[in-house]
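Q: Each chain, written out:
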Amino acid sequence: MIENKKYKDSFNYAYIDEFTKKEIRRKTLKAVCIPGYQVPYSSPEMPISRGWGTGGLHLTLSLVGPNDVLKVIDQGSDASVNACNLRLFVQEMAKCALTFNTGEATIIQSRHRVPEEIMTEKQILVLQVPQPEPLRGVERHEAKTRMMHAEADYAKIWVTLYEAYVRSGALRSGAGHPIMVNGRYVATPSPIPSWDVPNLSMARCLYLFGAGREKRIHCIPPFTRVEPLEFEDIRFKVEEFVDIKCSASGEDKAFMDQIYDDDFNKSWVINDSNFLDKVRQGPRPPQKLFTNPE
Amino acid sequence: MGYVAVKGGQDAIANANKLVDYFRWKGRTKPIEVDQARTQMRLAVDRAMGEGSLYAPEHAALALLQVEGDSFEAAFHLRAYRATLERRYFSEILNTREMLVHRRISSTFRDIPGGQILGPTRDYSFRLLSPALLEASLGSIEKFISDLKDEIDPSKLHQMTTYKKVIDIFLKEGLMSSQASPDEDRRVFDVTKEAIKFPVPRSAALQMLARAETGALMCMAYSTMRGFGNSHGTVGELRVGDVPVRVVDKRGRLRCVGKIKVSEAEMVGGGGGRRGTGNAAGPKYSIGYGLCFGQNETKAICMGMVESALRSPNPDNPANNQEFVLYHTEVIESYGFTNHLKLPHYVTFQAGLEGGRRITRMNEEKSKQVPVSAGGGEASND
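Sequence order for the protein chains is A and B.
Numbered according to this note's numbering, the first sequence spans residues 1 to 294.
Numbered according to this note's numbering, the second sequence spans residues 1001 to 1382.
There could be a bad hint or two in this list.
As the list claims (entries may be wrong) - Computed footprint of chain B on chain A, listed as stretches where at least three residues anywhere in the stretch have a Cβ under 8 Å from a Cβ of chain B: (1) 118-131; (2) 174-182.
To be verified - Here are the simulated distance ranges between beta carbons: (3) A/Arg184 with B/Leu1254: 43 to 53 Å; (4) A/Ile34 with B/Asn1095: 40 to 50 Å; (5) B/Ala1195 with A/Glu18: 45 to 55 Å.
As the list claims (entries may be wrong) - Chain A side only, calculated, beta carbon under 7 Å to chain B, not exhaustive: (6) Gly51; (7) Trp52; (8) Arg136; (9) Glu142; (10) Ala164; (11) Tyr165; (12) Arg213.
None of these hints come from the bench; they were simulated from the model.
Glycine included, C-beta positions come from ideal geometry on N, C-alpha and C.
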């Protein structure tokens, strides 16, 4: 008969067994050594669904210790159900401290957003990545995309950007603008909005990207050059929130969410929930802003 | 305000869990016992063990009960549990020639050494709903079993035996070679410990297929037969039964650690004589191999067909494409990712929306700057 305790207390510290954790840490170190390169790793099954942040969880669980302070955000919000769920799971398994405060956290796991507040060398941002391969849109076969990266053959993605410009008049619209990391590997910043992309370059913190389902880890180490792919004359641009102010704080320099009330009246609110709280209470936390080229 | 802006995602999760329990119990029926599920939902348990990649009937039964019978979730629970267990041993290669056979059939020959054994199968029963099951009771079960025993004449029970394999005929006749082709990648890979890289060795493909979702594998196998492939594998042999599992202990002794029930399919494909095999050798056949936990014949057969298809790559057919088949039949990954669409995506959506608006703005500004097109109307957008 099944022993009941098997389900209750016998999980290893931070869930994953030590051998696998060691493997994930080694692969992470490799990713740190080769910025932007996608390192394959074992990616064990987690008790949450694939595509819901398993890659991020692997990284977080392999890094976390009892003295860590963890923050989990989903689409900029600490209150999002999936963020709550992941946060509770890690706390249960690793007995670490939790916070909503961006400045206080030692590890921040995030989906689709880099916090507005500037992160420091004491912090690691773990991003959950659905598709780690920036070339997947132009080449569906993994064997070929690995070859293309090895040869730095990025012609196809440049052509795609050019075609997007010819068709629409802009390089690309939407989240996940491809980036060149340390002048060598084209990588995906995970689908963060363009607004967040400039924050990846020459940052003080470590950025780790975990794609659980695709079993890949990539990394942007501190003080690494990250350039969004752009042409000399047609430049990368971040989202412009023209004539828009946050309805909760009156501020305008942040990534905004568009919200609707019951009568479909549209208003805007700062997306990053902790940043919004700090802006309202003051003082405004340090933030790096990017100005669109004319 | 939607489901994210609300503070209290935590409460929402707790309430959702409560509601799941409510919907399970609101009918106020007697709880199903794990043993009942394990024995009376035998095939669901077998399927969950296969897709969950963990041979543990009791755990699988618990998983099925816990998730109200959802096969994806049951497999998922088993996989998540399995990820917490250390791999202490690697078993020796299973020898299915040692199988205590419950059922074995071959469709390549009328008579096979040892005979065809239909065994427990629903293949030839009418799929009619059976109200008789509603009358079943512990008493009727006892009666059924004792009646069945009475039917058996112990003197006619021949000795427990194992069976030779149908492929032995092919080997003996020289229709098949026991040698792997020289270009075959024979590395032994562990897909649970390493990310696969393409092209994957056959061992990795077989492991992934054995863990794949039954329905997805069936879709692939079916496609090879009806328009997106040119194979119609024949069942060389399909057997279901118990096989001993052995490991080598620390002192180097071979130890039997128990028996597992497996379904094994050896699908015969090829034939017709291949170029380069030499005309004197006659037609050469090959085996598409399928093996999975429990009794899941559909999966074993489909796995055999797909395995065979994967060894003749062809970009025109999904089933002949390793990356297509192995990535997309993986149950936990496909289930998780298709369901992640339920997560909020408002940031990425907003980024796209804003990008679209910017393009509209730019176009408007452009049309303001050039009020009348100077050289005829051909520049206007349609």
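Q: Indicate, hint by hint, whether the structure satisfies it.
A: Against the structure, the hints:
1. 118-131: violated (count 1)
2. 174-182: holds (count 3)
3. A/Arg184 with B/Leu1254: 43 to 53 Å: holds (51 Å)
4. A/Ile34 with B/Asn1095: 40 to 50 Å: Check passed, 44 Å falls within 40 to 50 Å.
5. B/Ala1195 with A/Glu18: 45 to 55 Å: Roughly 19 Å apart at Cβ, these two residues miss the hinted range, so it is violated.
6. Gly51: With Cβ-Cβ at 3 Å, under 7 Å, it holds.
7. Trp52: Holds. Min distance 5 Å.
8. Arg136: A/Arg136 check fails; min Cβ-Cβ to chain B is 11 Å, beyond 7 Å.
9. Glu142: holds (5 Å)
10. Ala164: violated (10 Å)
11. Tyr165: violated (10 Å)
12. Arg213: holds (5 Å)
Taken one by one, the earlier hints fail for this structure at numbers 1, 5, 8, 10, 11, listed in ascending order.
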